[in-house]
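Here the protein sequences come in this chain order: A and B. Sequential numbering of the first sequence, starting at 84, is according to the numbering used here. Sequential numbering of the second sequence, starting at 54, is according to the numbering used here.
Incorrect hints may have been included.
Reference excerpt, derived from the structure (chain B facing chain A, CB under 7 Å, subset only) [claimed, not checked]:
id, residue
1, V179
2, E182
3, L186
4, A203
5, A216
6, F220
7, Y226
8, A237
By construction, these hints were calculated from the structure, which means they are not laboratory data. It should be emphasised that the depicted structure is a prediction, and the values quoted were computed from it without experimental measurement. We put the beta carbon where it would ideally sit given N, CA and C, even for glycine.
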Amino acid sequence: MILEQLPLLQQLTLVLAAIVLFVSFVLLEQARLVAAIHVFAWQGALTATVTAIVAANSDLKHLFFSAALTLIMKALLIPWMLHRLVYRLELDRHRESLRHPALAVMAALALVIFSYWAVAPLVKQELLFTRNIVAVSLAVVLIGLWMMVIRAQAVAQVLGFMSMENGLFLAAVTATGGMPLVVELGVAFDVLVAMILFGVFFFQIRESIDTLDVDRMNRLTEKADES
Amino acid sequence: MLTVFSPLLGALLLPLIPRLRWAGWANIAVSSVTLGAALVLASDIADQDVIRTGLFRIDSLNIYLLVLTAFVGVTTSIFSRPYMIHVCDSGRIGQQGMRLYHAMFQAFMFTMLLALSTDNLGVLWVAVEGATLATVLLVSLYRTPEAIEAAWKYFILCGVGIALALFGTVLLYFAAQRAIADPAMGLSWSALYHVAPQLQSSIMSLAFVFLLVGYGTKVGLVPMHQWLPDAHSEGPTPMSAVLSGLLLNVALYTVVRLKMLVDGSLSTTDTPHLAGHLLMGFGLLSFLVAGLFLHHQRDIKRMFSYSSIEHMGLMTFAFGLGGPLATFGALLHMFVHSLTKSAIFVTVGHASHIAGTQSIDNIRGLIRTQPAVGWGLLLGVAAIAGFPPFGVFTSEFLLLSATMEAQPWFTVILLIGLAIAFAGLFRHLHRMVYGQAPEGQQPVPANMLPVFVHLGLVLWVGLTIPDLLSHWLDRATELITGGHML
Numbered sequence: 084m085i086l087e088q089l090p091l092l093q094q095l096t097l098v099l100a101a102i103v104l105f106v107s108f109v110l111l112e113q114a115r116l117v118a119a120i121h122v123f124a125w126q127g128a129l130t131a132t133v134t135a136i137v138a139a140n141s142d143l144k145h146l147f148f149s150a151a152l153t154l155i156m157k158a159l160l161i162p163w164m165l166h167r168l169v170y171r172l173e174l175d176r177h178r179e180s181l182r183h184p185a186l187a188v189m190a191a192l193a194l195v196i197f198s199y200w201a202v203a204p205l206v207k208q209e210l211l212f213t214r215n216i217v218a219v220s221l222a223v224v225l226i227g228l229w230m231m232v233i234r235a236q237a238v239a240q241v242l243g244f245m246s247m248e249n250g251l252f253l254a255a256v257t258a259t260g261g262m263p264l265v266v267e268l269g270v271a272f273d274v275l276v277a278m279i280l281f282g283v284f285f286f287q288i289r290e291s292i293d294t295l296d297v298d299r300m301n302r303l304t305e306k307a308d309e310s
Numbered sequence: 054m055l056t057v058f059s060p061l062l063g064a065l066l067l068p069l070i071p072r073l074r075w076a077g078w079a080n081i082a083v084s085s086v087t088l089g090a091a092l093v094l095a096s097d098i099a100d101q102d103v104i105r106t107g108l109f110r111i112d113s114l115n116i117y118l119l120v121l122t123a124f125v126g127v128t129t130s131i132f133s134r135p136y137m138i139h140v141c142d143s144g145r146i147g148q149q150g151m152r153l154y155h156a157m158f159q160a161f162m163f164t165m166l167l168a169l170s171t172d173n174l175g176v177l178w179v180a181v182e183g184a185t186l187a188t189v190l191l192v193s194l195y196r197t198p199e200a201i202e203a204a205w206k207y208f209i210l211c212g213v214g215i216a217l218a219l220f221g222t223v224l225l226y227f228a229a230q231r232a233i234a235d236p237a238m239g240l241s242w243s244a245l246y247h248v249a250p251q252l253q254s255s256i257m258s259l260a261f262v263f264l265l266v267g268y269g270t271k272v273g274l275v276p277m278h279q280w281l282p283d284a285h286s287e288g289p290t291p292m293s294a295v296l297s298g299l300l301l302n303v304a305l306y307t308v309v310r311l312k313m314l315v316d317g318s319l320s321t322t323d324t325p326h327l328a329g330h331l332l333m334g335f336g337l338l339s340f341l342v343a344g345l346f347l348h349h350q351r352d353i354k355r356m357f358s359y360s361s362i363e364h365m366g367l368m369t370f371a372f373g374l375g376g377p378l379a380t381f382g383a384l385l386h387m388f389v390h391s392l393t394k395s396a397i398f399v400t401v402g403h404a405s406h407i408a409g410t411q412s413i414d415n416i417r418g419l420i421r422t423q424p425a426v427g428w429g430l431l432l433g434v435a436a437i438a439g440f441p442p443f444g445v446f447t448s449e450f451l452l453l454s455a456t457m458e459a460q461p462w463f464t465v466i467l468l469i470g471l472a473i474a475f476a477g478l479f480r481h482l483h484r485m486v487y488g489q490a491p492e493g494q495q496p497v498p499a500n501m502l503p504v505f506v507h508l509g510l511v512l513w514v515g516l517t518i519p520d521l522l523s524h525w526l527d528r529a530t531e532l533i534t535g536g537h538m539l
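Isolated chain A, as found in the complex:
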């Protein structure tokens, strides 16, 4: 079975999911924080669009609700909160360039390949659409994780974390038609609380080490114990 034989709506979903993955790469490379937040908002909007398409395509009407929830949370509320925090912390001019941008992207590519390899067992079941979508979502999750590893700036790490959530949501919606409503609400609530706590922490970290460069936090290592 090849891609062109899939129903059009599935093809559209796949294309949009691929764009979400592409946006992940943009997010990974983006040096300016404010721009990165905008990129993240676009990723949220795309995820919401995918959800709406899946909802229109199936009889799962509660997905419209999830789509609206995602749009409000991921594309509007969280970016707005981050935006305000960045301005209040006077980081709007902050730039952080990666030490080895080429290597970072290569590693991210490797993660995409790894994702396809990891979901390879699904091939046997002839689930072409699902396999692609799960692989793409897994790649988004892993790139978010990778972003948290290579970025030293606390706000950028939070963006990585939130884009992981986007990837998870994408997987849940496209592969399984969305989790049960109670779970979805719980997850959304947790993400929101996490975001508020992240905001609290930005101020606490700034107060204690005068910067949001979390690589400077190195008091608690096993080596420090030795001395």
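Got chain A sorted already, so can you dock chain B onto it with the hints?
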């Protein structure tokens, strides 16, 4: 359902109490109501095997942990009342901090009980993530640079771990949709357990890897354990007690539940023990690495948090080993470890107040300054190191004999690991308990009742396991492995 929701109510109401002295008492009261409700629930379970209502499902495995959780919650709240007042008087935290502490303590209890009692794996995930959110502000409560660093690390690592677990849950749900028609039931553990053999094995094993890494971060399995010593050492001591005594248990409980599903799904393939082998590997690694790290710790709470990792590793190994004997031993170990470790953290909290520091080198002569604390620490460490006649000895003995039966070679490794950990703990203990007390070291107001109740229970279990407990554990063992121990 009073069990689960009374802490939630407490979390909402406690910060509103105007007088801080009352808030401590109210905290104890709410925890006691929770324990009472849990005990009533337990007596109901004794009559019928399973109680199901909507999202909740109580069976013999989780009722035992529910009661344990509620019990440790009560004793910790008894301990934390004078402790937190002392902290507040010494000016390390203010009024706001105290309010936050009480609210978050109850919120944490709520998430733990919800995680244990729910049948829905999605809700379980939400609850475990909620536990991180509830405790992370408590870890940074003292606002020192170290505390904030520890809290950030805890937040990020557990956040990532738990996100991977959610991916695993999505995969699980995906597999379930092929076996269960009703999508609303797709995350219900009991429904999944019934159809486990029909779940696609390839998806299930992929899902289990994600779930194990995710929830394993919370269990504190090496190499995802980095957050644990920091969070334990920098947060307030009552928090360390409940983190070690409860959170790790709940995370491990989750892993065991998931293993039951995966085992069911893989039973017909050529790798039926995949989940068990993964658990054994991670468990053994954690056990050995933590034992070695015990030796060069300078901070007393850090040292005991490594000991927690070590014990969680041992339990993980035993659950991985499977079989009625190992499972029974692991459940018993969970019980005695929770009680002993929370007792130790309580004692350590008082000890560090006496000495005014958490550094092992500066804690001296406890037994002269305040005999109750000194003896508490001595007996607690003796218990956790596995001295007979304490209960930890019994459970470790059971685990060793189970290992001997199934995989004789691992017994040697386990014995070496136990010896290393034993030496690590005792190396520092002697000088802290005996030794010359520094001039002017004063006793602090301490309530040692929780410690001696916990240690007394552990001793009782070690001398003769009460019939009630052994039958209870046996029923849980039967649920997990299908075989009887007794």
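Checking each numbered hint in turn, tell me which of them this model violates, lowest number first. The structure conflicts with no hint, since it agrees with every one listed earlier.
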